[in-house]
Amino acid sequence: DAGITQSPRHKVTETGTPVTLRCHQTENHRYMYWYRQDPGHGLRLIHYSYGVKDTDKGEVSDGYSVSRSKTEDFLLTLESATSSQTSVYFCAISESGTAGTEAFFGQGTRLTVV
Amino acid sequence: KNQVEQSPQSLIILEGKNCTLQCNYTVSPFSNLRWYKQDTGRGPVSLTIMTFSENTKSNGRYTATLDADTKQSSLHITASQLSDSASYICVVSARGGSQGNLIFGKGTKLSVKP
Chain A
1 DAGITQSPRH
11 KVTETGTPVT
21 LRCHQTENHR
31 YMYWYRQDPG
41 HGLRLIHYSY
51 GVKDTDKGEV
61 SDGYSVSRSK
71 TEDFLLTLES
81 ATSSQTSVYF
91 CAISESGTAG
101 TEAFFGQGTR
111 LTVV
Chain B
115 KNQVEQSPQS
125 LIILEGKNCT
135 LQCNYTVSPF
145 SNLRWYKQDT
155 GRGPVSLTIM
165 TFSENTKSNG
175 RYTATLDADT
185 KQSSLHITAS
195 QLSDSASYIC
205 VVSARGGSQG
215 NLIFGKGTKL
225 SVKP
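Protein sequence lines, in the order shown, are assigned to chains A and B.
Read in my numbering, the first sequence has 15 at position 15, and its numbers run on one by one without any break.
For my numbering, count along the second sequence from 1 and bump the result up by 114.
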């Protein structure tokens, strides 16, 4: 899995609580991404980062925030979890942001909001 | 609207048989098309990536084809094995776009039975 570690791998949380998911990479890649995967949908981009402290919104960013204080770590925070955020979350990394660059994915975090 | 459609949604084949998965896209202007394999409970793993000028690319028993004129791609699996059971995801990116602009298909779920 290209030196990408997501934690936790599984989490159950209650509606209204904050949740933080962590993505850690050992590849020194500049770009990092958070996606969510839901039945009936392709992977959808939540936020991405193109460097330390440089982030941008993706297609489904509402209700999520991110932070990247170090090259190797990209955190995804659900400010107040809702049942609609029950999903599998994937972190991905790439060396550059150009369209032809290979992207590598972590193993995913299964989040259940009850 | 940029879209990636895959067919069939699911497929069951017997071990040792061949199969072909389809991907149609409306992404424009086209940059590259990728096929990923996603095992249950794991992140997607890249199989092939093809640019506009490439019409076929192989990775072991996997062969991807691309017809940029008709905006169609296929993934052919030869002599299937039980380990080929997975979801196969077609992903397209637009020229000039970034890694943040990958468009994912919903995937084809392949089951290989003994």
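Please keep in mind that the hints were generated in silico from the structure rather than gathered at the bench.
Heads up, a few of these hints could be off.
[To be verified] DSS-like, lysine-lysine: derived pairs with alpha carbons at most 30 angstroms apart:
id: 1; chain 1: A; residue 1: LYS57; chain 2: A; residue 2: LYS11
id: 2; chain 1: A; residue 1: LYS57; chain 2: B; residue 2: LYS131
id: 3; chain 1: B; residue 1: LYS185; chain 2: A; residue 2: LYS57
id: 4; chain 1: B; residue 1: LYS227; chain 2: B; residue 2: LYS115
id: 5; chain 1: B; residue 1: LYS131; chain 2: A; residue 2: LYS11
id: 6; chain 1: A; residue 1: LYS11; chain 2: B; residue 2: LYS223
(request) Output the numbers, in ascending order, of every earlier hint that fails for this structure. (result) Of the numbered hints given earlier, those the structure breaks are 2, 4 and 5, listed in rising order.
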